[in-house]
Structures are given as structure tokens and as C-alpha cells.
Amino acid sequence: MKIAVCIKQVPTREWQPRLNDAKTWVRDQDVSYEMNEPDAYALEESLRLREKHGGEVVVCSAGPSRVQQVIREALARGADRALHVEDDSLAAADAVTAAAALAAAMAEQKFDLILTGLQSDDQGHAQFGPVLAEKLSIPHSTIIMEVNADPAANSLRVKRELEGGWFQYVTMPLPALLTIQSGINQLRYATLKGIMAAKKKEIAKVAAPAGLASRQSIVQMYAPQKVKQTVMIGGSPAEAAKELVKRLREEARVL
Amino acid sequence: MILVIAEQKDGKLNRASWEAIAAAQQLSGGAMPIKVAVAGQGVSGAAGELAQAAVAEVITVDHAALAHYTPDAFVQVFQQVIAQASPALVFLPHTYQTRDFSPTLATRLDRAIVTDVIAVKGSGSDATFARPMFQGKLTADVKLQGPAPHIATIQIGAFRADQAAKGSAPAPITAAAVTIDESKLRQRAEAPFQEAKQAVDLSQAERIVSVGRGIKSLENIAVAEQLAKAFGAELAASRPICDNGWLPMERQIGSSGQTVAPKLYVALGISGAIQHLVGMKGSRTIVAINKDAEAPIFEVADYGIQGDLFELAPAIIAELQK
Chain A
2 MKIAVCIKQV
12 PTREWQPRLN
22 DAKTWVRDQD
32 VSYEMNEPDA
42 YALEESLRLR
52 EKHGGEVVVC
62 SAGPSRVQQV
72 IREALARGAD
82 RALHVEDDSL
92 AAADAVTAAA
102 ALAAAMAEQK
112 FDLILTGLQS
122 DDQGHAQFGP
132 VLAEKLSIPH
142 STIIMEVNAD
152 PAANSLRVKR
162 ELEGGWFQYV
172 TMPLPALLTI
182 QSGINQLRYA
192 TLKGIMAAKK
202 KEIAKVAAPA
212 GLASRQSIVQ
222 MYAPQKVKQT
232 VMIGGSPAEA
242 AKELVKRLRE
252 EARVL
Chain B
5 MILVIAEQKD
15 GKLNRASWEA
25 IAAAQQLSGG
35 AMPIKVAVAG
45 QGVSGAAGEL
55 AQAAVAEVIT
65 VDHAALAHYT
75 PDAFVQVFQQ
85 VIAQASPALV
95 FLPHTYQTRD
105 FSPTLATRLD
115 RAIVTDVIAV
125 KGSGSDATFA
135 RPMFQGKLTA
145 DVKLQGPAPH
155 IATIQIGAFR
165 ADQAAKGSAP
175 APITAAAVTI
185 DESKLRQRAE
195 APFQEAKQAV
205 DLSQAERIVS
215 VGRGIKSLEN
225 IAVAEQLAKA
235 FGAELAASRP
245 ICDNGWLPME
255 RQIGSSGQTV
265 APKLYVALGI
275 SGAIQHLVGM
285 KGSRTIVAIN
295 KDAEAPIFEV
305 ADYGIQGDLF
315 ELAPAIIAEL
325 QK
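As given, the protein sequences belong to chains A and B, one line each in that order. Going letter by letter, the first sequence gives residues 2 to 256 in this note's numbering. Going letter by letter, the second sequence gives residues 5 to 326 in this note's numbering.
Derived from the structure by calculation, the hints contain no laboratory data. Check each hint, because a few of them may be wrong.
[Unchecked claim] Every beta carbon over 12 Å from chain B, so not counted as near; a handful from chain A, in silico:
| id | residue |
| --- | --- |
| 1 | Asp22 |
| 2 | His54 |
| 3 | Glu57 |
| 4 | Ser66 |
| 5 | Ser90 |
| 6 | Gln110 |
| 7 | Ser156 |
| 8 | Lys160 |
| 9 | Thr192 |
| 10 | Lys206 |
[Stated by the list, open to error] Cβ-Cβ distance ranges computed for the label pairs, FRET-style:
| id | chain 1 | residue 1 | chain 2 | residue 2 | range |
| --- | --- | --- | --- | --- | --- |
| 11 | B | Lys233 | A | Arg158 | 40 to 50 Å |
| 12 | B | Gln84 | A | Thr192 | 51 to 61 Å |
| 13 | A | Glu57 | B | Arg192 | 22 to 32 Å |
| 14 | A | Trp26 | B | Ser48 | 44 to 54 Å |
| 15 | B | Ala181 | A | Arg158 | 33 to 43 Å |
Every value quoted in this text rests on a predicted model; they were computed, and no experiment measured them. Glycine included, every Cβ here is placed at the ideal spot set by N, Cα and C.
Put together the whole structure using the sequences plus the hints.
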């Protein structure tokens, strides 16, 4: 099977965002980046499918040159080669723009299956997968917890997560696109051998198609408004513990 | 006109539909008519319930091909409903189902879409939509461009269902003239099922201690267990803990797990990603313990302690045992 996995580079979880002067985006300086966690699960699932069915795993990502960090990491974990749609203007691209940036280059490759994470940890639109599928005119399913592919029969049966502990099996023909839920598998990490091998793997760079335009603009960004007056309790651990328990007993009356 | 796409399963209306209606009513301010559409098989009960809302019309699509949801069928249906009703805006609740088909619908219509909206500002078609970004660390006010309709999905719990205005008389219910080309339905969906009978019903717990990534390792889960015991609380977790297999999935709180509203909810090392907050923000008293003072969990907490949970948990246990 020819499998694509779309990954995104996002700021690390520990990163504390600071706004730019215009308060319309974050300051990109001193950000450290990592692979979007749901995409890491999609990558692992694509490697397992290759182990089972043969073929290749191609990492696809849109963004400025810095996204090569996560592309290299995916190659080190076992992906065979990469497709990078590179453009500085994609640094803060929304999901629809990113899908439009990748669609043409990915269409040429005629993948049997495309996997990606269910949403990104930065912008969190949860739109990229379904939008890309529609642009490629292939069926999709989202929030997947199990993938059973039958390449000979050209079919796919997947377990979709619903809310509140419910699931559902969905069948569709290949080629198809799936968005993968975190926790579908146990992640593998890059070995030293994998890191060395990754250096020789091909990263094909493709220019972004002309005329990419977002249909949404950010007017302003700000720290979220508090919905509650939070009482912050300070002091040493023992002091804070004493104060908390006192307030839970006497003020909140929940103990 | 604002079109609200309501959601039902097996004829039962998803309560989040009322929240999307409340959002539409707020934006309209009485100036724009609101219509509600609901699709499925056997939707007359849900339609009757929706007709109580102060809306101009309830539009139904009842079809055997919609018995089990598939994105292809829903996109076909709502593409036609939108073409007939020609709304300026389309609102949907941000559920797992609408996440599956609304981006496809927007792409097929070639219209702008904004997802996970927590507030709607302005009025009419010149609306601004607030949505969380960067795991809830920031909020962005977003404007949509291009031709109507603009599509927005409304986050669960962002608007109150009980604030949706009811009409003085039931709204008229109209069956939309929609055809479904079944040869173009690529997905085949089977009946939804539950993996195992939920052994723990956390929704009934009076007190819950919930543990997140901050616990760092399986060995440290014992720390949370002891704290739960000292509080006389059930132990629960955010999704990453269950993904790692450190606690069973049935103890997961959040959009993919259980929704709870206990008297006391202690969030131990939980940053407060929105998928977790929707499952617990209705709790009466929320305590957040986190090393990161900027963690979004503090926004919903009544009491917060910024610090090392490995120092704080034993101190709280000692204090409770006094």
C-alpha cells in the first residue's frame, strides 16, 4: 500500500505564548517545536500498516523550512520518504489553506490511504483531514481508533470513536483518508539507526500553489477570559494544603 | 437568515442543538429569522421538540439512507437544504458528528468555516467568532470572508441550552424536498456500540480526583490514588493518561469519555485542554493543582495552587488526615 501521513509542526506543550505587537498572532521567536501529537499516532499507524501490507509511507507536510525538523523525525521513526510543500507564508496557515497547499502535490502521488491526526495542538480547527479528502475526491472518516485495510479487495473497515464511550464501524473503498485519534496505538521512538538512516532519505520540496488565500482572519488574540474568580493559594506545600482544606471545609463545604 | 443544523440520534435530540440555537438567537437579536434543520430516520419527535424554540421554521429530512450517519449522506442533504433556504449563516453544535461532515460541506460549497466557537460577537452577517487556540492558552476573534453562507460550529457548553428562547406557539415543521443519490454514498456505517458496560459511573460521584499528564509516569498514579482515597473521591483521568494505559478508558473525563458535575473536582496536573474542560466544568467546586500558572485549568477553577503536585499531594493528604 502507498500510504501518506500528513504531519504538522506545532509549538511544544510547555511553550508559553506571547502576543505580537498587533495582538493578532503569537511571537514566533523563542518557540520550540515538536510533532503534533495526534499526527504522531497517525504516523505510527501508517508504519504498522506498512509492516502488515508492505508498500511505503510518505510523510507530507506544509510549512516553512523549519518543519523539516518534524519531517526528519518522522523519517527517523521509519517513514520512507517525504513531501514538503515549502513556503514561509504557510507558517500560520489555517487548516483549509494547508489542505489546499498539499492537495495538488498529493494528488499526483495517487496514495491508497492518507492518515493524519484528528486535530492540531496549535490551531485546533479539526478540519484539515475532511477538507483534504474532499479536495482529492476521496471518502473519509474521522476520530479513528482501529484501521483494518484489505488492499486486495480495495476496502477499508475502521472503528470510529463517538462521544461518551460509543464506537461505530465504518466501511469504505480505497483510496480514502482517515483522521486518527490519540491513543490508537503505542508510539515508537526513533532509534539511533533510524536517525542515521533518515539522513539519506529523500525529502522532495514542492513550491506552494499560487493563489492560496485564507477565508478567515484573526482580528485580535487575547488571554482567555476567566469564567470564575479563582482563589490562588500560595505558601509552602504544607501551608497551601492547610489553607485549601480549610476553605473546602468552611467556604465551599464540600468535605 | 440563520440556519441551525440540529443533531439527533435514534430520534433523540442532542441537547447541544439547543446551545447552537441559543447562539443563533443571540447573534440575531431578533433581527434575523432563524430556521432549524434536522436530518435522520424517524426525526418527527426531535422536530416536534425543536418546534418549541422561538424560530421561524423547523426543516426535516427523513430518509432511510440516514438511519446511520455517514458524512457523504449528510453533505448531500445539507447541500440541498442550504441551497433551498439560502441562509447567511449556518450554525452547528461542535460534536464528533459535525466535525466529521461540516468541513466537507464547507469545501463542497466553497464557503468559509470556523470551528469550535465559544462566543459570537456583533450582529447579523457581520459577526466575529471567538475560538480557543494553542490548547486554550489564547482566544482568537475570527472574521470570515467570501460569499454566504458562513459556517460556524459552536463548542459544547459555550452557550446555555436553557437560555434558548421558546416560541409562544410551535414553529411550523416542513419536510424538505431532498433527494439522496445512494450510488454516491461511499461510506457504509454499522450500528453504534459500547465497548464494555461502564463499570464505573463517574457521573454519580460526589467527589472526583482527576489526574493528568503532570503525573508523569505509571508509578506515580499511586500518588493520585492516595489523594483520591484521602478525599473519599473516585479516581479519574484526562485522556492522555488513559491513552498510555495508566488508567482504564472508563475513568476518562472529557468529550470522548464521561461528563461529570460532582460537588468537588480536584484536577491534579491537568492543563485543561478544551476536550477535558467540556467534561467537568459543570462541577460545583473545582480545585486545580498545576506547576504552570498559565494552565487553562485555572480559568475554570475556584481554588488554584501553582506548585509541584508531588509535594502538594502528600501535604494535602496529611492535612485531610488531621
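Consistency of the hints with the structure:
{"no.": "1", "hint": "Asp22", "in the structure": "15 Å, holds"}
{"no.": "2", "hint": "His54", "in the structure": "21 Å, holds"}
{"no.": "3", "hint": "Glu57", "in the structure": "25 Å, holds"}
{"no.": "4", "hint": "Ser66", "in the structure": "22 Å, holds"}
{"no.": "5", "hint": "Ser90", "in the structure": "17 Å, holds"}
{"no.": "6", "hint": "Gln110", "in the structure": "20 Å, holds"}
{"no.": "7", "hint": "Ser156", "in the structure": "10 Å, violated"}
{"no.": "8", "hint": "Lys160", "in the structure": "10 Å, violated"}
{"no.": "9", "hint": "Thr192", "in the structure": "21 Å, holds"}
{"no.": "10", "hint": "Lys206", "in the structure": "26 Å, holds"}
{"no.": "11", "hint": "B:Lys233 - A:Arg158: 40 to 50 Å", "in the structure": "43 Å, holds"}
{"no.": "12", "hint": "B:Gln84 - A:Thr192: 51 to 61 Å", "in the structure": "53 Å, holds"}
{"no.": "13", "hint": "A:Glu57 - B:Arg192: 22 to 32 Å", "in the structure": "28 Å, holds"}
{"no.": "14", "hint": "A:Trp26 - B:Ser48: 44 to 54 Å", "in the structure": "48 Å, holds"}
{"no.": "15", "hint": "B:Ala181 - A:Arg158: 33 to 43 Å", "in the structure": "34 Å, holds"}
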